[in-house]
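If you read the sequences in order, they're chains A and B. Be aware that the first sequence starts at 0, since it is given in numbering that gives the first Met the number 0, and climbs by one per residue. Be aware that the second sequence starts at 0, since it is given in numbering that gives the first Met the number 0, and climbs by one per residue.
Note that these hints are calculated values from the structure, not bench results. It is possible that some hints are incorrect.
Straight-line distance between alpha carbons at most 30 Å, and here's what the computed DSS-like set of lysine-lysine pairs gives [to be verified]:
id, chain 1, residue 1, chain 2, residue 2
1, A, K212, B, K48
2, A, K212, B, K63
3, B, K48, A, K57
4, A, K291, A, K417
5, B, K1, A, K41
6, A, K212, B, K102
7, B, K151, A, K424
8, A, K210, B, K151
9, B, K1, A, K162
10, A, K210, B, K1
11, A, K212, B, K158
12, A, K62, A, K159
Chain A regions said to be covered by chain B (calculated; three or more residues, Cβ under 8 Å) [claimed, not checked]:
id, segment
13, 167-174
14, 351-361
Positions of the beta carbon are idealized from the N, C-alpha and C atoms, including for glycine.
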Amino acid sequence: MNASLIQNIIYVVVLVALAFPLGTWMANVYAGRPGRIFGFLKPIERGLYRLAGVDPAKDMTWKGWSWAVLIFSFLSTVVVYALQRLQAHLPFNPAGLPAVSPDSSFNTAISFVTNTNWQGYSGEATMSYFTQMAALAVQNFLSAAVGMAVMVALARGLSKTAKGLGNFWVDMTRSTLYILLPLSFVFALILVSQGVVQTFRAPVTAELTQKTKAADGTVIDTQTISVGPVASQIAIKQLGTNGGGYYNANSAHPIENPTPLSNFLQCLAILAIGAGCCITFGTIVGDGRQGKMLLAAMTLMFVLALVGATLAERAPSRLLHDAGATASNMEGKETRIGVDGSTLWAVATTSASNGSVNSMHDSYTPIGGLFPMLLMMLGEVVFGGVGSGLYGMILFVVFTVFISGLLVGRTPEYLGKKIGPFEMKMAAIGILIPCASVLVAAAIAVVAPKGYAGICNQGAHGFSEMLYATTSASNNNGSAFAGLSANTPFWNYLLGLCMVICRFGVIIPVLAIAGSMSARKVTPEGPGTLPTHTPLFIVLLIAVVLLVGALNFVPALFLGPVLEHVSAFRS
Amino acid sequence: MKDNLRPSIVMLVLFTLILGLGYPAAVTGVARVVFPSKSTGSTIERDGKVVGSELVGQSFDDPKYFWGRPSATSPANNGAASSGSNLGPTAQAQADAVAGRVKALQDADPTQTGPVPADLVTASGSGLDPHISPEAALYQVHRVAAARGMTKEQEADLKGLVERHVEGRTLGFMGEPRVNVLMLNLDLDGIKR
Numbered sequence: 000m001n002a003s004l005i006q007n008i009i010y011v012v013v014l015v016a017l018a019f020p021l022g023t024w025m026a027n028v029y030a031g032r033p034g035r036i037f038g039f040l041k042p043i044e045r046g047l048y049r050l051a052g053v054d055p056a057k058d059m060t061w062k063g064w065s066w067a068v069l070i071f072s073f074l075s076t077v078v079v080y081a082l083q084r085l086q087a088h089l090p091f092n093p094a095g096l097p098a099v100s101p102d103s104s105f106n107t108a109i110s111f112v113t114n115t116n117w118q119g120y121s122g123e124a125t126m127s128y129f130t131q132m133a134a135l136a137v138q139n140f141l142s143a144a145v146g147m148a149v150m151v152a153l154a155r156g157l158s159k160t161a162k163g164l165g166n167f168w169v170d171m172t173r174s175t176l177y178i179l180l181p182l183s184f185v186f187a188l189i190l191v192s193q194g195v196v197q198t199f200r201a202p203v204t205a206e207l208t209q210k211t212k213a214a215d216g217t218v219i220d221t222q223t224i225s226v227g228p229v230a231s232q233i234a235i236k237q238l239g240t241n242g243g244g245y246y247n248a249n250s251a252h253p254i255e256n257p258t259p260l261s262n263f264l265q266c267l268a269i270l271a272i273g274a275g276c277c278i279t280f281g282t283i284v285g286d287g288r289q290g291k292m293l294l295a296a297m298t299l300m301f302v303l304a305l306v307g308a309t310l311a312e313r314a315p316s317r318l319l320h321d322a323g324a325t326a327s328n329m330e331g332k333e334t335r336i337g338v339d340g341s342t343l344w345a346v347a348t349t350s351a352s353n354g355s356v357n358s359m360h361d362s363y364t365p366i367g368g369l370f371p372m373l374l375m376m377l378g379e380v381v382f383g384g385v386g387s388g389l390y391g392m393i394l395f396v397v398f399t400v401f402i403s404g405l406l407v408g409r410t411p412e413y414l415g416k417k418i419g420p421f422e423m424k425m426a427a428i429g430i431l432i433p434c435a436s437v438l439v440a441a442a443i444a445v446v447a448p449k450g451y452a453g454i455c456n457q458g459a460h461g462f463s464e465m466l467y468a469t470t471s472a473s474n475n476n477g478s479a480f481a482g483l484s485a486n487t488p489f490w491n492y493l494l495g496l497c498m499v500i501c502r503f504g505v506i507i508p509v510l511a512i513a514g515s516m517s518a519r520k521v522t523p524e525g526p527g528t529l530p531t532h533t534p535l536f537i538v539l540l541i542a543v544v545l546l547v548g549a550l551n552f553v554p555a556l557f558l559g560p561v562l563e564h565v566s567a568f569r570s
Numbered sequence: 000m001k002d003n004l005r006p007s008i009v010m011l012v013l014f015t016l017i018l019g020l021g022y023p024a025a026v027t028g029v030a031r032v033v034f035p036s037k038s039t040g041s042t043i044e045r046d047g048k049v050v051g052s053e054l055v056g057q058s059f060d061d062p063k064y065f066w067g068r069p070s071a072t073s074p075a076n077n078g079a080a081s082s083g084s085n086l087g088p089t090a091q092a093q094a095d096a097v098a099g100r101v102k103a104l105q106d107a108d109p110t111q112t113g114p115v116p117a118d119l120v121t122a123s124g125s126g127l128d129p130h131i132s133p134e135a136a137l138y139q140v141h142r143v144a145a146a147r148g149m150t151k152e153q154e155a156d157l158k159g160l161v162e163r164h165v166e167g168r169t170l171g172f173m174g175e176p177r178v179n180v181l182m183l184n185l186d187l188d189g190i191k192r
């Protein structure tokens, strides 16, 4: 018990401590100063611009940014779709896997391009090595880089010394080349040192020490173990808050996450860049206090959720106790990770828009499973996805500034710039689109026979499975109550639409705010200015985030986890 | 809009080469040299044959071996299709499954009357968990000793063997103490031979 408390404390301390050097360095990268050790990458960067016909010095308007993001993402989706459909005819397919179905390919293509990485399919049994590398792993990098680039554009737009929003292609390239690629390379090798495989060989076949009989009576004397280029993909899946695993069981799989150390480091990698983005933001807007405020607000919400989820998941399991076993809820959890290590990960992965799991959330206690769902419903703004968490949080900051301005009769302004009706409209759209998507899609699934046909558990828990799926897709998280059989045309198309609407339904309003704010004049601070770096503002911001989340989702949460929790004590 | 077409295509093609092929190939190349065994699945060989991976659980239901975590894959411990049960904490199917596993353990060793360690009756997240808790291993010592016709002294030695197989928390705070079931069972067979 004490050891896992120490694990949680060290985790939070290391995470916050890492945010400062990492965030400062990232700000330097975006300013074109990645540091001397990356000098050898500069010619590659210049070469990319030359071949692509990009003038790195040319600023883009917010509409230019939006078009670039949309076209690049659309093209990526088409390519990922095509590679899945054609994988049987492509190289690196030693297991001879056939083409992926059209609906699953559609869902997966959107899923990886929108940084959601929801997986309706079983990785090791569906995707060839080539698809995993050339389609999925590439998007792990690029979708993360798009999120980071949009965050940088927003920060530039809000900066007092705003000159322009910068160039999408430049920020996307720099995110990938200097930040994600080197970090992933080093991290992948650390993971291999722990036992994560990295090979192009065919699956391993082992002769079993004890033969067993399957349910149908056939004798089983060998075990086939899937391997592949796993470590390289896992490194970027965590650092880029993607979360799509190589294996079906994701980071619960002992080859994807073999040791307590690999578990701790992967968990850290989930939030590291997202936390660093706070500091990057503060640096780019030219007011470090703003970044620290965001980091403090996110950390505080994270700790609150971690405490709540840990207490809920530690609750003795009545089912196990009644059956004559000790009562810790180990269903769906791994021995080397344990209950508390699983809960820490569940909170981290749903704070971020990561979505990788090291335990099966479907088997959590009702309230233990409520916390991951709630964290996603808040809009993935507690650290959040790389870049996307920060720009999501800025929408809430705009909202908070506006509400506090109304309450005390001050003109709403942020970073010395007035917030007008246009910015408010855009912030409201960006906040409400995912909320509406979660609830509308869940409602459709509940009334459609093909929707609720997929549930694994009956009753309130079955509703939770569907609500979790639409929440995860709409907030570009990707984790699941995996009992839901989501690899059906109904679920693949429904969730695919949720993912695409909510990714770009947030990015475009964010870019619009960046564009209109960058044109605003800076008004000097006066006695009427509400400072946005104080503890008071942190409290206001957290209150607004929780209020919006609660107003939208309390009824739905009562129908799912809360009802299940209460009914467990009925008889 | 047209200005974006060429950069989109060129960037996607070039980044696919760098990230999709160059990056995994570079990691593979370095990993093969620096970590030859770990990069290929941490396999265990006995008499020139691969008998398993240190990281992947195998099924044992013979009383003379230590049993691992229940597995929700089909068949159990299927190394090519990992999966948890995804059963919820209030599901009837879960209650039935747990009750059946408790009964199997108690039938195999009626002398054990205390509560069964939870990890022995709950399916792991991956269906391939190679470990059990030290409590779960010690719970089975008497059964294994009886099935192998061991004397009291030999049973005490067996307990010592289990204790030697306990891996502690990394740096004292990461993860949980555990016993690798396959490694323990292989050692067990080694002693008997």
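Hint by hint, here is what the structure shows:
no.	hint	result
1	K212/A / K48/B	holds, 22 Å
2	K212/A / K63/B	holds, 16 Å
3	K48/B / K57/A	violated, 62 Å
4	K291/A / K417/A	holds, 22 Å
5	K1/B / K41/A	holds, 27 Å
6	K212/A / K102/B	holds, 19 Å
7	K151/B / K424/A	violated, 78 Å
8	K210/A / K151/B	holds, 29 Å
9	K1/B / K162/A	holds, 25 Å
10	K210/A / K1/B	violated, 63 Å
11	K212/A / K158/B	holds, 29 Å
12	K62/A / K159/A	holds, 21 Å
13	167-174	holds (count 3)
14	351-361	holds (count 5)
Consistency with the previously given hints fails for numbers 3, 7, 10, ordered from lowest to highest.
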